[in-house]
Structures are given as C-alpha cells and as structure tokens.
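*Asks:* Construct the complete structure from the given sequences, taking the supplied hints into account.
Residue-level listing of the chains:
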Amino acid sequence: MQIEWIFGLAGGVLIGLGGAVYLLVNGRIMGASGIIGGIVDGSAGSQKAERAWFLAGLFGVPTVLALLFGNLQGDGPAQTYATENLWAVVVAGLLVGVGTRIANGCTSGHGVCGISRLSLRGIVATVFYIVAGGFGVILFKHLLGWV
Amino acid sequence: MRNLFSAISGGLFGAGLFVSGMTDTRKVQGWLDVFGEWDPTLAFVMGGAIIPMFFAWRWTEGRMPALGGMFPPKPNPVIGRNLVLGSTLFGFGWGLVGLCPGPSIASLYYGGIQGTVFVLAMGAGMWFAPSIKARLDGAAPAV
Chain A
32 MQIEWIFGLA GGVLIGLGGA VYLLVNGRIM GASGIIGGIV DGSAGSQKAE RAWFLAGLFG
92 VPTVLALLFG NLQGDGPAQT YATENLWAVV VAGLLVGVGT RIANGCTSGH GVCGISRLSL
152 RGIVATVFYI VAGGFGVILF KHLLGWV
Chain B
30 MRNLFSAISG GLFGAGLFVS GMTDTRKVQG WLDVFGEWDP TLAFVMGGAI IPMFFAWRWT
90 EGRMPALGGM FPPKPNPVIG RNLVLGSTLF GFGWGLVGLC PGPSIASLYY GGIQGTVFVL
150 AMGAGMWFAP SIKARLDGAA PAV
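If you're matching them up, the sequences are chains A and B in order.
Quick note: the first sequence uses the working numbering, first residue 32, plus one each step.
Quick note: the second sequence uses the working numbering, first residue 30, plus one each step.
Treat the hints with care, as some may be off.
[To be verified] Quick look at which bits of chain A chain B covers, simulated, 3 or more residues with Cβ under 8 Å: (1) 41-54; (2) 65-75; (3) 86-92; (4) 111-125; (5) 139-148; (6) 151-158.
[Claimed, not checked] Here are the simulated DSBU-like cross-link-like pairs (lysine-lysine), alpha carbons at most 35 Å apart as the crow flies: (7) B/K162 to A/K79; (8) B/K103 to A/K79; (9) A/K172 to B/K162; (10) B/K103 to B/K162.
If you're looking for bench data, these hints aren't it; they were derived computationally from the structure.
Note that the coordinates shown come from a computational prediction; the quantities given were computed from them, not determined experimentally.
In this text, a Cβ means the ideal position worked out from N, Cα and C, and glycines have one as well.
*Replies:* This is the structure we're talking about:
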C-alpha cells in the first residue's frame, strides 16, 4: 500500500514538472481538456501544432514505458482495468467531454494548475467534480451496478 | 522550439500519469469510492503535482515566458453556472469509468477497446460542447 503512495507522489511531481515546463517555457496552462478540446472544436487556431506535439508526448511516453515495463505496480502488461460495459464508457466519455469544456477545465487545468495558484475557480471546480465523482461511484457502482 | 517543449511537457505529464498509477481506473474510482475500499493515492499525486506548480507560479511574477509572449492573466474569481454545471457533469463521467482527459490519452495504447471508445466519445462531447454552451448561455446568460 505505502509503495503505491510513493509511486503516486513521484508521478505527481513528474506531472507538476510537465506543467511547470509548459508554463515557464511556453507561457501556457497545462490543461488536458483545453488542449484536446481546442483541437477538436477548432478554437486552437495557430496553437494547433503546439498542442498536437503536447499530445504526442502525452501519448508517446507512457506507450514506450508500458512497452518497456508493463504494469509498473503489478504483474503482466500495463492496463487501465476499465469496465467492459461499453455503454457506460460512451456515457462517461460524453459527460467528460461536454462537462470539461463547459467548465473550461479538468483535473489538470482546474486541479493541478488552478489549485497551485490558489485560483478560486480551480478549487471550486475540483470540489464539484470530486463530489460528483463520489456520488457517481455510489450511484453507478453500488446502486445501479453498471460498473 | 515551442513544439519541442510542448512535447517534453506532454511527455513528463504522461510519464507522471503512468508512474503514479493514474491510468489505472481502479485507483481513481478507489479514491472516489468513500464507501468502498478507499484508495488515497490520488491525493498523493495531486499533492506531488501541486508542489512544482506552486513554485512555477511564484517564478512567473514579474517575468516573461522563456519563449516569449505573456503568462496567463490572473485567475478570474467569478464562480458561474457553467463552472459548477460543467464540473458536475465531468465528475459523474469521471466516477462512472475512472478516466479523465489526460489519462485517457496517456493510456490509449494499452487501454483496450474501452480506451478507444472513451476517447472517441469524449471527442464527440468536446465537439458538441460549444453549441450546448451557446444554448445554455442563450437561455440564461452565465455570470
């Protein structure tokens, strides 16, 4: 159990370093939903290439690490252990896509980048998505048994 | 140069998600599941990520980004309907499957059919979001 916390802390520091590079070098907030959403809806404009390279790193590095190390904290290949209920996956994807774009941020933008500058919006957003996530788990897992 | 540092930043983010175990949906749902076997890992990840970012924000004061341009403006303090509604919708989706935008891209290679379906559905949601937002704002303007 405690080894998982150390992996969590170390991984967290890496995430924060990624955000620090994006901020201090490129002058931008590292928010995954904004970076992806801006490409999807066309609002990224001239930043399209910069964002595509960000996503290439975000996809490429864990892919290489997964090929090299497999499941870092367990046996066998790397995997997400996501539910096999594809309807639940579609609903979740739609909710995450619509929700993060309406709220203008997700766990990385509002959470990591917002809380670290004591942004009220970042803190409020984080409270709402964590509480909603908690209710979601109670509803979808314990009451409905979807996942 | 901007593209290079973008890729480095994305790579660090992806490495951090992989190392921390945040692409394992059981850990994310475990954090949200206060009535199940509660898993505190996510708090360590958040804490670890906030430390370098806190110092990065401090560094920005009175300075310019290394590659030119301006740092983001001071955060907007207004809490509007869109922030609350959007974050709530996002939270339900996050709790349902345990994936959010960053980890969904990071785990796309090893996330199986679920990972691909999730990213496609998320992309569709992001595509529809501006028109949903416009409709909401038309019915009752957000603060």
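*Asks:* Taking the hints in turn, state whether each one holds.
*Replies:* Going down the list of hints, with the structure as the test:
1. 41-54: Since three or more residues must qualify, the claim that chain B covers the segment 41-54 of chain A holds, with 14 doing so at under 8 Å.
2. 65-75: holds (count 5)
3. 86-92: With 7 residues close enough to chain B, the hint holds.
4. 111-125: With 13 residues closer than 8 Å to chain B, the segment 111-125 of chain A meets the three-residue bar; holds.
5. 139-148: This one holds; 9 residues, not fewer than the three required, reach chain B with a Cβ under 8 Å.
6. 151-158: n = 6 at 8 Å, threshold three: holds.
7. B/K162 to A/K79: holds, 22 Å
8. B/K103 to A/K79: holds, 24 Å
9. A/K172 to B/K162: The hint holds at about 29 Å.
10. B/K103 to B/K162: Holds, at roughly 24 Å.
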